[in-house]
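Protein chains in written order, with our numbering: chain A, 1 to 112; chain B, 1 to 113.
Any given hint could be a false lead.
Chain A stretches covered by chain B per the calculated footprint, using a threshold of three residues with CB under 8 Å from any CB of chain B [claimed, not checked]:
#: 1; region: 37-50
#: 2; region: 64-71
For each label pair, taking beta carbons as the anchor points, the in silico distance ranges come out as [what the hints assert, rightly or not]:
#: 3; chain 1: B; residue 1: LEU83; chain 2: A; residue 2: ALA41; range: 40 to 48 Å
#: 4; chain 1: A; residue 1: THR109; chain 2: B; residue 2: THR80; range: 36 to 44 Å
#: 5; chain 1: A; residue 1: VAL78; chain 2: B; residue 2: GLY62; range: 44 to 52 Å
#: 6; chain 1: A; residue 1: SER69; chain 2: B; residue 2: PHE69; range: 43 to 51 Å
#: 7; chain 1: B; residue 1: SER79; chain 2: A; residue 2: LYS54; range: 20 to 28 Å
#: 8; chain 1: B; residue 1: LEU113; chain 2: A; residue 2: ILE111; range: 21 to 29 Å
Derived by calculation from the structure, the hints in this document are not laboratory data. Beta carbons: idealized from backbone N, C-alpha and C, even for Gly.
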Amino acid sequence: DQQVKQNSPSLSVQEGRISILNCDYTNSMFDYFLWYKKYPAEGPTFLISISSIKDKNEDGRFTVFLNKSAKHLSLHIVPSQPGDSAVYFCAATPNTGNQFYFGTGTSLTVIP
Amino acid sequence: KAGVTQTPRYLIKTRGQQVTLSCSPISGHRSVSWYQQTPGQGLQFLFEYFSETQRNKGNFPGRFSGRQFSNSRSEMNVSTLELGDSALYLCASSGGPLTDTQYFGPGTRLTVL
């Protein structure tokens with residue numbers, strides 16, 4: 001039962017353009033959401049997070065948007081750079097026991 | 001501050017064998033979680049330990065077990081290995097200032113022949 005879903009396995013974007021990665025969840029108890037980036041042969045690295053009390057969080061080129069009513073979050077990368085090419089995972093937690101639920105990942109390729 | 005370390009990085013075993021993987025969390029972190037990553041399945045949660053106690057458990061068979069020591073280091077054991085156990089096993093620790101953020105190790109790539 002996949003409670004966090006990333007329906008796009010891959011995405012290609014031109015350098016300098018915006019990358020939008022999407023994530024949907026089913027569990028209304030989730031109240032904290034995170035994005036991780038993963039390069040080959042490395043573990044995922046934390047990118048940005050958002051609490052359910054907010055609808056937007058920004059950190060440099062990365063912005064995460066949360067739409068609780070739609071149970072949807074998205075990660076915007078502006079401008080996209082070739083070094084952003086990686087697999088991006090979204091994750092969610094109900095914050096009641098430190099159990100995190102991950103999506104299946106979206107492979108982003110930024111074309112120079 | 002040193003990150004999460006996992007040993008070994010690569011492992012090849014045959015069906016029926018058992019394997020033990022090790023994870024050392026970031027200093028001061030008391031929670032350690034284990035995940036299995038396979039193509040198309042994302043990260044599947046195995047279990048989480050906190051202060052030497054299993055606090056959460058995912059939907060994996062009993063062949064998968066773990067433990068945590070008093071220094072927060074954790075081990076994961078898989079007995080009677082099956083071909084389908086071939087995966088990247090990731091360990092993550094949390095408990096620093098950002099308690100809701102997990103920090104991952106590089107993983108152990110297990111291949112079962």
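Tested hints:
no., hint, verdict
1, 37-50, "holds (count 7)"
2, 64-71, "violated (count 0)"
3, B/LEU83 x A/ALA41: 40 to 48 Å, "violated (22 Å)"
4, A/THR109 x B/THR80: 36 to 44 Å, "holds (39 Å)"
5, A/VAL78 x B/GLY62: 44 to 52 Å, "holds (47 Å)"
6, A/SER69 x B/PHE69: 43 to 51 Å, "holds (44 Å)"
7, B/SER79 x A/LYS54: 20 to 28 Å, "violated (44 Å)"
8, B/LEU113 x A/ILE111: 21 to 29 Å, "violated (38 Å)"
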